[in-house]
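Taken in order, these protein sequences are the chains called A and B. With our numbering, the residue at position 530 of the first sequence is 530, and numbering never jumps. With our numbering, the residue at position 178 of the second sequence is 178, and numbering never jumps.
One thing to keep in mind: the hints can contain errors.
To be verified - Pulled from the structure, derived: some chain A residues nowhere near chain B, Cβ distances all over 12 Å:
#, residue
1, Gly190
2, Lys541
3, Gly665
4, His864
5, Ile866
6, Leu874
Unchecked claim - Subject to a maximum C-alpha distance of 30 Å in a straight line, what follows is the list of computed DSS-like cross-link-like pairs (lysine-lysine):
#, chain 1, residue 1, chain 2, residue 2
7, A, Lys795, A, Lys827
8, A, Lys521, A, Lys556
9, A, Lys729, A, Lys757
10, A, Lys729, A, Lys747
11, A, Lys747, B, Lys119
12, B, Lys119, A, Lys729
To be verified - Quick list of simulated restraints, FRET-style, between CB atoms:
#, chain 1, residue 1, chain 2, residue 2, range
13, B, Arg143, A, Asp870, 54 to 60 Å
14, A, Ile791, B, Pro94, 24 to 30 Å
15, A, Arg761, B, Pro94, 24 to 30 Å
Hints are computed from structural coordinates only; laboratory data are not their basis. Treat the numbers as computed from the prediction; the structure is a model and nothing was measured. Glycine residues also receive a C-beta, built at the ideal position from the N, C-alpha and C atoms.
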Amino acid sequence: MPLDAGASDNGNQAFSLIAVDHPAFVWPEAMAKPTAARAQARTELYWTVPYVAVVVFAVAMLVLVWVLQRQETEIQRNAIARDVQWAEQTMRLHMQGTEEFLTQMARDLAAGSLDLDNFQLRANQHIANNPQLINLVWVEPGEVVRWSAPFDTTDWLAGDVLTSTQTVAFFRAREIGRPAYGDPYVNPRGEPVLELYIPVRHGRRFMGSMVAVYSIDQIVRHLVPSWFSEKYRLALIGPRGDTLAVNSSVQALDESVAYAIALDPPANGLMLRATAFRTVGAIPRALPTIMIVGLSVLMLWSLWLLRSHMRRRVRVEKERDRLFNLSLDILSILSADGTFRRCNPAYERLLGYPVDQMPGRPLLDFVHDDDIVATIEQLRLLANGQPVSFENRVRCADGRYKWLVWSINPVLDEKLFYAVAHDITGRKATEEALRAESAFRRAMEESVVTGLRAIDLSGRIIYANPAFCRMVGRSADELVGAMPPFPYWPEEDIPRCQHNLDITLAGQAPPSGFEMKVLRKSGERLDARFYLSPLIDGSGKQTGWMASVTDITEPKRVRAALEAAHKRFEAVLDGLDSAVFVADARNDEILYANRAFMALHGFDVIGRRARAVTQPQPELGDYRVDPRKLQPADVPMELFDDELRNPLSGHWYHVREQATRWVDGRVVRMGIATDITDRRQMEEMSRQQEERLQRTARLVTMGEMASTLAHELNQPLAAISNYAMGCVKRMESGDYRQDDLLAAMQKASFQAERAGKIIRRIRDFVRKSEPRRTAVSLDEVVDDTLGFADIDARKAAVRVRRDIAPKLPPVYADRIMIEQVLLNLVKNGMDAMADTPEDSRVLTLSARVVREGLVEVSVADRGHGIRDEDAERLFTPFFTTKSEGMGMGLNICRSIIEFHDGRLWTEANPEGGTVFRFTLPVEIAGERNARSA
Amino acid sequence: MNGTPEAPEQIIYIVDDDEALRDSLVWLLESNRYRVAQFASAEAFLEAYHADMAGCIVLDVRMPGMSGLELYECLRERHATLPVVFITGHGDVPMAVSVLKKGAVDFIEKPFSDRDMLKLIEQCLAAERESRSRVRQDAVVARRLDLLTQREMEVLELIIAGRLNKQIADDLGISIKTVEVHRARVMEKMEANSLAELVQSVMTCEAARGRFVD
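Build out the structure end to end from the sequences listed, making use of the hints.
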């Protein structure tokens with residue numbers, strides 16, 4: 001089953017994961033323990049050999065030195081034996097010499113040939129020659145000293161008796177009859193001496209002994225040559241082994257080189273002993289040994305140092321190895337061609353390749369196809385000696401890829417790259433997830449329409465989302481970091497904005513937020529609502545304030561528009577003169593009433609019954625349908641539309657009622673009652689007025705009409721003339737066809753008919769213009785006229801002066817016509833003053849009663865005046881002095897005035913210009929009555 | 001007047017919107033043996049207008065659309081030399097006067113007598129004929145002058161100035177004989193039979209006058 005397979009797969013994976021991970025916890029050292037121990041033993045052995053060698057070498061050297069020194073001593077000893085024997089011989093010779101001398105002396109003495117003087121002579125001479133001799137003495141057989149030499153000696157004085165020790169030798173010499181040596185002794189002067197006794201015999205008579213006293217010291221000193229004493233210390237040893245004399249005691253002795261020999265002749269146990277002086281000092285002799293020992297020690301020490309150093313090295317290397325093996329990151333050494341040389345176990349752990357198979361395989365074999373180019377690029381950089389760091393994907397043994405970040409250092413001397421790679425697959429995944437997350441967040445941020453703006457606790461903007469940026473029309477860069485006053489505060493609002501910000505920072509922002517104006521960069525302003533909430537960071541600390549900003553310009557505008565619409569609606573309804581009310585169709589309760597309605601029916605009508613309040617109102621039967629039975633589906637519907645009269649006030653109302661749906665859905669009756677009393681009257685009046693106006697207008701425009709009609713009339717007249725004259729010409733010439741003439745004459749006749757029609761039209765036009773005369777206030781007429789002329793007057797810079805006499809009686813006239821005449825005269829006057837200097841352009845309107853029942857009106861200008869010849873033709877039709885005049889105005893004016901039983905004439909103005917005057921009859925009630933009768 | 005055979009026939013062009021008046025006028029003029037062409041509006045006439053038109057125009061001042069006055073302005077802009085007779089109604093007199101000041105030949109007020117009308121038309125035609133023949137004459141003289149060489153021109157100039165042959169020779173630094181030759185050539189080229197004819201033809205010609213101003 002696929003599910004099971006999947007599960008087992010997962011299991012395997014998990015297991016393999018553990019299996020891969022497990023070795024990481026085994027000390028790699030432990031696996032190598034036996035070999036390490038062996039290596040250690042070998043190392044120990046290696047290290048013993050130099051030590052042993054050094055020691056053996058030292059010993060051999062010492063032995064050699066010792067042997068050499070022994071040999072040297074032996075040589076010395078032989079030399080000393082020879083020398084000592086030679087010295088003993090020398091001494092013996094000397095002593096034998098002295099023996100013979102003394103024996104001679106003894107014989108001489110015995111022979112009696114020797115007297116004292118002789119003795120003295122000979123003895124002293126001998127002593128002088130042999131310094132070892134101290135005294136020569138002749139001792140009588142009675143053991144008394146007889147003669148003694150040298151004569152100045154103090155030891156042997158004649159008469160002295162021999163001492164016991166001397167006696168022994170004295171007697172032995174007498175007994176044996178031969179020279180005998182006494183035992184050495186120290187004489188009273190402290191000097192060790194040796195005495196030689198030679199018996200003196202004359203025949204059988206013993207005559208004493210000749211004694212020679214040797215100074216032992218002197219023997220030692222003087223009987224050996226100087227070279228000897230330089231080489232050896234020579235000592236005489238007594239029979240009891242005591243040293244009697246030595247030749248030198250200064251120099252150190254080499255006791256090992258000594259030689260003793262018995263001294264004979266004395267043969268009394270005296271020993272001559274020579275000890276060699278130490279030819280070289282002890283130190284020089286020991287020097288080789290010292291050197292050898294010292295050097296050996298030095299060597300050993302250096303060896304030890306070396307060893308400890310090596311040990312340290314080894315330990316460090318071991319540590320490094322351990323790190324190399326333990327490292328979770330891939331460590332490898334690559335050849336310059338990009339192949340692996342050595343890899344650490346991490347390689348196996350991370351990628352699953354056995355470490356021992358890695359060497360020799362190129363790195364690129366493992367790189368993801370997409371990363372190969374980049375990796376090759378990096379390898380190229382490496383080959384140039386540049387350390388690189390890059391990321392790529394590497395294939396694992398199981399075919400998956402892992403992201404590695406490589407840091408590779410080339411060592412060009414070794415042609416090797418040292419590479420460290422860290423598995424960043426997880427990080428990449430995290431990054432990817434983060435990127436996705438951040439993209440999602442950004443998308444969210446950007447799609448959000450609510451502006452978000454964060455400030456820190458000091459008020460600085462630390463964040464603004466795109467919606468906010470759009471809102472204020474500025475980029476985030478412009479906003480972030482900004483301190484108050486912020487750039488989007490409108491200048492006029494800065495104090496309020498600052499106040500709001502202070503409140504916010506104090507943490508007292510209202511939960512409903514602030515409503516503020518926001519200044520866009522383009523200068524336009526919008527309304528925004530700021531809701532504030534504290535900004536809490538990951539550690540729960542507040543770092544600032546986050547504001548969510550909503551653009552409420554549109555809602556606000558809509559609301560404002562609604563309000564305005566409502567106000568307008570109310571204003572319109574309240575401004576209406578019509579009374580408006582809305583009442584429930586069913587129960588007749590008044591729901592709404594406008595001001596006009598309340599003004600009519602009281603200000604407390606809301607809630608009351610409409611039927612009880614409203615006046616006038618249609619009877620129920622007058623409605624098209626009974627409003628009480630209306631359903632919401634039936635509305636809107638017109639219920640009533642007619643004019644009603646309030647029986648109490650007599651006013652007329654236009655009442656219109658309509659059923660419609662009220663705001664809450666129920667059916668209501670909306671009634672509008674408009675007071676049309678005035679309108680009715682007005683309509684009546686204006687209808688009459690209109691009628692008159694039309695009539696008058698026809699008359700007034702007759703001037704223009706006349707001009708047009710004259711032109712129109714000209715056409716047929718000219719045509720008739722042409723036809724007629726053409727006919728005449730042809731008939732005169734005789735060259736004509738009758739048909740042509742006939743046609744021309746018919747055309748002429750037709751044109752005559754046309755002319756007749758035109759004239760008829762004029763007559764019709766005039767007939768309709770009957771004036772209607774009433775009592776007219778001239779004051780009002782002047783007012784109206786000037787109202788009309790005002791614009792023209794200002795345009796022409798003419799000042800108009802009114803001079804109307806007070807309490808002027810009304811005239812009996814057609815008001816419109818009189819106005820027209822007056823207007824005509826005023827305009828004429830203004831036109832006449834076109835060439836007058838501006839400050840004299842004064843037009844005077846005056847009116848006064850000239851006699852009973854007659855009012856005179858005059859219009860005086862200061863224009864160019866009227867020439868006499870013109871004055872005659874002034875009122876004839878079609879006369880004009882104006883370039884665009886029609887020549888009808890004055891003519892008609894005079895007609896009108898004459899129709900009113902008045903008169904129109906002109907006079908020259910004494911102040912320059914012209915005065916037009918006309919008279920009108922005063923209205924007399926009787927006359928009117930008479931006329932109407 | 002002299003009615004040279006090459007002169008084109010003169011036609012009276014009537015421009016009036018009122019059919020009756022136009023038709024009656026045609027009738028009247030045809031009765032007097034004039035050739036007449038009629039147009040119902042100024043626009044129609046402008047469309048038909050060409051520079052070779054000869055005769056005169058009888059033009060109504062008041063017309064719907066383009067007025068007679070506007071048509072006249074248009075024609076002036078095109079340097080038309082046709083004389084114009086305006087027909088005016090009552091009240092149009094001041095306007096007609098202003099038109100006259102601009103050089104129109106004449107105007108006639110409705111209703112008009114046939115005599116006045118015919119007289120005016122005859123005047124116009126005569127004036128038109130004369131101006132056209134003068135233009136033609138000028139063209140002939142100008143063409144002949146163009147044939148003269150520079151030297152002959154100088155000689156002609158001096159002849160007109162009234163110099164004698166001898167003086168001309170001195171002025172120009174040439175022999176009398178040469179002057180005589182040039183003079184003969186000038187006479188020949190200008191197709192003049194006498195000295196008086198030569199001077200007159202040159203002096204009446206606008207173009208020649210222009211040349212001799214300097």
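Here is how each hint holds up against the structure:
The claim that Gly190 of chain A lies off the interface holds: its Cβ sits roughly 182 Å from the closest Cβ of chain B, which is beyond the 12 Å cut-off. Distance check on Lys541 of chain A: its Cβ is at least 91 Å (rounded) from any Cβ of chain B, clearing the 12 Å threshold; non-interface status holds. A cut-off of 12 Å between C-beta atoms confirms that Gly665 of chain A is not in contact with chain B; the least separation is 64 Å. Every beta carbon of chain B lies more than 12 Å from that of His864 of chain A, the smallest distance being close to 17 Å; the non-interface claim holds.
In this structure Ile866 of chain A is separated from chain B by more than 12 Å, as the shortest Cβ-Cβ distance comes to about 19 Å. Every Cβ of chain B is farther than 12 Å from the Cβ of Leu874 of chain A; the closest lies at roughly 17 Å, confirming the non-interface assignment. At most 30 Å may separate the alpha-carbon atoms for a hinted pair to count; Lys795 of chain A and Lys827 of chain A meet this at roughly 12 Å. For a cut-off of 30 Å, the pair hint linking Lys521 of chain A to Lys556 of chain A stands: about 21 Å separates their Cα positions.
Restraint check for Lys729 of chain A and Lys757 of chain A: the C-alpha separation of about 29 Å stays at or below 30 Å, so the hint holds. Between the alpha carbons of Lys729 of chain A and Lys747 of chain A the distance comes to roughly 17 Å, so the proposed pair stays at or under 30 Å and holds. Proximity of Lys747 of chain A to Lys119 of chain B is assessed by CA-CA distance (about 24 Å); at most 30 Å being required, the pair is judged to hold. Distance restraint check for Lys119 of chain B and Lys729 of chain A: the Cα-Cα separation of roughly 14 Å lies within the 30 Å cut-off, and the hinted pair is therefore satisfied.
Between Arg143 of chain B and Asp870 of chain A the C-beta distance comes to about 59 Å, which sits within the given range of 54 to 60 Å. Between Ile791 of chain A and Pro94 of chain B the beta carbons are some 26 Å apart, a value that agrees with the proposed interval 24 to 30 Å. The beta-carbon spacing between Arg761 of chain A and Pro94 of chain B, approximately 27 Å, falls within the hinted interval of 24 to 30 Å.
Consistency with the previously given hints is maintained throughout, with no hint failing.
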